[in-house]
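Residue numbers (our numbering), protein chains in the order written: chain W, 10 to 320; chain Y, 10 to 320.
Source of the hints: derived by calculation from the structure; they are not laboratory data. Hints are not guaranteed to be accurate.
[Unchecked claim] In silico contact screen, one side only, chain W against chain Y (beta carbon under 10 Å); selected entries:
no., residue
1, Ala166
2, Gly167
3, His172
4, Asn176
5, Arg177
6, Val257
7, Val265
8, Glu289
[Unchecked claim] Pair ranges (Cβ atoms, derived):
no., chain 1, residue 1, chain 2, residue 2, range
9, W, Leu35, Y, Lys57, 54 to 64 Å
10, W, Lys233, Y, Leu319, 49 to 59 Å
11, Y, Glu244, W, Leu35, 55 to 65 Å
12, Y, Glu71, W, Glu102, 38 to 48 Å
13, W, Glu289, Y, Ala94, 20 to 30 Å
14, W, Leu288, Y, Gly184, 12 to 22 Å
15, W, Arg105, Y, Lys57, 51 to 61 Å
16, Y, Val304, W, Ile278, 45 to 55 Å
17, Y, Arg177, W, Asn46, 43 to 53 Å
Where a beta carbon is used, it is the ideal one built from N, C-alpha and C, also for glycine.
There are 2 protein chains.
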Amino acid sequence: MKYCVGVDIGGTTVKLGIFQTDGTILDKWEILTRTENAGVEILPDIAKSIEEKRVEQNIETEDILGIGVGVPAPVDSFGVVKNTANLGWGYKEVKRELEEITGYVVAVGNDANMAALGEMWLGSGHGQKNMVMVTLGTGVGGGVIIDGRPLVGKNGAGGEIGHILANRQERDKCGCGKKGCLEQYASASGIARLARIRLARNNDWSLLRDKQKITAKEVFDALKEGDKVAEDIVEEFGAYLGYALADVAAIVDPAVIVIGGGVSKAGPIILQYIKKYFLEKAFFANEGTEFIIAVLGNDAGICGAAKMILG
Amino acid sequence: MKYCVGVDIGGTTVKLGIFQTDGTILDKWEILTRTENAGVEILPDIAKSIEEKRVEQNIETEDILGIGVGVPAPVDSFGVVKNTANLGWGYKEVKRELEEITGYVVAVGNDANMAALGEMWLGSGHGQKNMVMVTLGTGVGGGVIIDGRPLVGKNGAGGEIGHILANRQERDKCGCGKKGCLEQYASASGIARLARIRLARNNDWSLLRDKQKITAKEVFDALKEGDKVAEDIVEEFGAYLGYALADVAAIVDPAVIVIGGGVSKAGPIILQYIKKYFLEKAFFANEGTEFIIAVLGNDAGICGAAKMILG
Numbered sequence: 010m011k012y013c014v015g016v017d018i019g020g021t022t023v024k025l026g027i028f029q030t031d032g033t034i035l036d037k038w039e040i041l042t043r044t045e046n047a048g049v050e051i052l053p054d055i056a057k058s059i060e061e062k063r064v065e066q067n068i069e070t071e072d073i074l075g076i077g078v079g080v081p082a083p084v085d086s087f088g089v090v091k092n093t094a095n096l097g098w099g100y101k102e103v104k105r106e107l108e109e110i111t112g113y114v115v116a117v118g119n120d121a122n123m124a125a126l127g128e129m130w131l132g133s134g135h136g137q138k139n140m141v142m143v144t145l146g147t148g149v150g151g152g153v154i155i156d157g158r159p160l161v162g163k164n165g166a167g168g169e170i171g172h173i174l175a176n177r178q179e180r181d182k183c184g185c186g187k188k189g190c191l192e193q194y195a196s197a198s199g200i201a202r203l204a205r206i207r208l209a210r211n212n213d214w215s216l217l218r219d220k221q222k223i224t225a226k227e228v229f230d231a232l233k234e235g236d237k238v239a240e241d242i243v244e245e246f247g248a249y250l251g252y253a254l255a256d257v258a259a260i261v262d263p264a265v266i267v268i269g270g271g272v273s274k275a276g277p278i279i280l281q282y283i284k285k286y287f288l289e290k291a292f293f294a295n296e297g298t299e300f301i302i303a304v305l306g307n308d309a310g311i312c313g314a315a316k317m318i319l320g
Numbered sequence: 010m011k012y013c014v015g016v017d018i019g020g021t022t023v024k025l026g027i028f029q030t031d032g033t034i035l036d037k038w039e040i041l042t043r044t045e046n047a048g049v050e051i052l053p054d055i056a057k058s059i060e061e062k063r064v065e066q067n068i069e070t071e072d073i074l075g076i077g078v079g080v081p082a083p084v085d086s087f088g089v090v091k092n093t094a095n096l097g098w099g100y101k102e103v104k105r106e107l108e109e110i111t112g113y114v115v116a117v118g119n120d121a122n123m124a125a126l127g128e129m130w131l132g133s134g135h136g137q138k139n140m141v142m143v144t145l146g147t148g149v150g151g152g153v154i155i156d157g158r159p160l161v162g163k164n165g166a167g168g169e170i171g172h173i174l175a176n177r178q179e180r181d182k183c184g185c186g187k188k189g190c191l192e193q194y195a196s197a198s199g200i201a202r203l204a205r206i207r208l209a210r211n212n213d214w215s216l217l218r219d220k221q222k223i224t225a226k227e228v229f230d231a232l233k234e235g236d237k238v239a240e241d242i243v244e245e246f247g248a249y250l251g252y253a254l255a256d257v258a259a260i261v262d263p264a265v266i267v268i269g270g271g272v273s274k275a276g277p278i279i280l281q282y283i284k285k286y287f288l289e290k291a292f293f294a295n296e297g298t299e300f301i302i303a304v305l306g307n308d309a310g311i312c313g314a315a316k317m318i319l320g
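Please build the complete structure, drawing on both the sequences and the hints.
Here it is, written out as structure tokens:
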């Protein structure tokens, strides 16, 4: 039996998993991400933790095919990171460094791309070769899989779906500094913002008016209760996201679009609002694109990272 | 010396070229596209023409590595076409059929993807591995090259940049049946339409008012004469195209965007209008994307098709 290791580095914890090559997960665990001192301990900590687990599981060194790593930053095709927002790393040759520490083959990718690859390998996109995954969380992340491989791009910034232009008239700035990005309407905070704007516009009765602080979850809960204002908000969310995904489909021509992240926990009900607007605008060749809710949750990253080793 | 053949099938003529593997073109020529009888003669005509040229050039059969073919329709990764607008073909297994007729290895792709690949191999994108080409002609075509290979997609419809949503408020339909596609503003006919709409809006003096029928070329000619109305029209064109290409860049992260097609004959002056709006909206990682005018003209298709054989 051969094995591969998947690592998903986050700003607070590093998630790790050991997989058989058939996708069976043998074990998964977490360690803390030590971001102090420019994150100098992160890779040695990962190496040490994998070695401990290897011994515990009685796996021979030569049976480990390699380590795949997902990083919350653009990663170029040489496994190099230019900068990170929350790991402490500036320029870092992640692939080379971890290979030198561990002696294993290492492959490195962007975490959103790894999540997409994970859903393709073991999740909702199983069996597909052309897939897009959108992660609707605090922000909007994206991963594009072409012919079974993540779209990396020149700067490792492929699949930045959250920053396509959804509204030319927007006056507020996105976190990235530009205006009108999809992330301003389709992330959890974006949905809450759409709700605040709509509630301020008139005095229509809504369950949402009782809330101290409106969250995306409350908007979807109110929708399920039949709240009309909540439905208008979700329609608006669906239009921004559906139109944007029609653009993504025109460029990428995926078989499947997987919707993940915290917002996707509202369930399949959100798909009808996205598909309605997607179909209104999609190029005819893309009208058969399937929409699916992600199933792997927080494990998607380690699954995709491990898959990187299997090619 | 080894050779590869590039074929670019159009609705009126088929363009052909024989290339050395280093990109040197040995000969190029054209034959008529016989679309009658459901286009049944097109592939045999191509085979016959290549055989005649091979004999004329004194090339041994075994020195021809294969034939690459560009088709004006979506082509899937098996070299199969589902339908064509102007060749007479319905479902056609182009790769299999031409391989059976000729005995050579055949690779088939969409013509816009082939043009992009051609510019990457021998033209303005030389040396790049991640590139987008936009062809601004009667319509707006697009080709995306990822890691040196065309983005084909599930249905062979990858890179349909002309059909991304550029204007949510549009009331007129695009040729594809949907509303607000980039093609309605950035193609030659789209630019002429922007001109007609703007000229009808008020009575401002313009060189364009003397024209019987306004074309994109006349708009750019007037721009070069300092015509203010023409400049407003080109600004509008630049905004639609620049914003749309910022979206493409966010998804694909290209090193270079190549602008080709009839509209690009206006020259580098158009790039400043596109880049201005591109930079206003581009994700920060994409701000260094280069813009270049295509250089291969009508030869791009045969160059890219030939390159398909070299991998």
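For this session: Kindly confirm whether 51 to 61 Å is satisfied by the beta carbon distance between Arg105/W and Lys57/Y.
Result: holds, 54 Å
Problem set entry | Hint check: 10 Å Cβ-Cβ cutoff, Asn176/W to chain Y | This hint holds: Asn176/W lies near chain Y, its Cβ roughly 9 Å from the closest one there, short of 10 Å.
Problem set entry | 38 to 48 Å as the expected CB spacing between Glu102/W and Glu71/Y, which holds or is violated | holds, 45 Å
Exercise. Hint check: is the beta carbon of His172/W less than 10 Å from a beta carbon of chain Y?
Worked result: holds, 4 Å
Problem set entry | Outcome of range test on Cβ distance (Leu35/W, Lys57/Y; 54 to 64 Å) | holds, 60 Å
Exercise. Per the CB criterion, is Ala166/W less than 10 Å away from chain Y?
Worked result: holds, 4 Å
Exercise. Should the interface hint for Val265/W be scored as holding, given a Cβ-Cβ cut-off of 10 Å against chain Y?
Worked result: holds, 9 Å
Problem set entry | Residue hint Arg177/W, partner chain Y, criterion CB-CB below 10 Å | Holds, about 7 Å.
For this session: Could you tell me whether the CB distance from Val304/Y to Ile278/W stays inside 45 to 55 Å?
Result: The hint (45 to 55 Å, Cβ to Cβ) holds, given that Val304/Y and Ile278/W are roughly 51 Å apart.
For this session: Have a go at the Val257/W hint: is there a Cβ in chain Y nearer than 10 Å to its own Cβ?
Result: Holds - the Cβ of Val257/W comes within 10 Å of chain Y, reaching about 6 Å at its closest.
Exercise. Holds or violated: 20 to 30 Å for the Cβ distance of Glu289/W and Ala94/Y?
Worked result: Holds - the Cβ-Cβ distance for Glu289/W and Ala94/Y, about 23 Å, lies within 20 to 30 Å.
Exercise. Taking the CB of Arg177/Y and the CB of Asn46/W, does the distance hold inside 43 to 53 Å?
Worked result: About 49 Å separates the Cβ atoms of Arg177/Y and Asn46/W, which means 43 to 53 Å holds.
Violation of the numbered hints given earlier is absent; every hint is satisfied by the structure.
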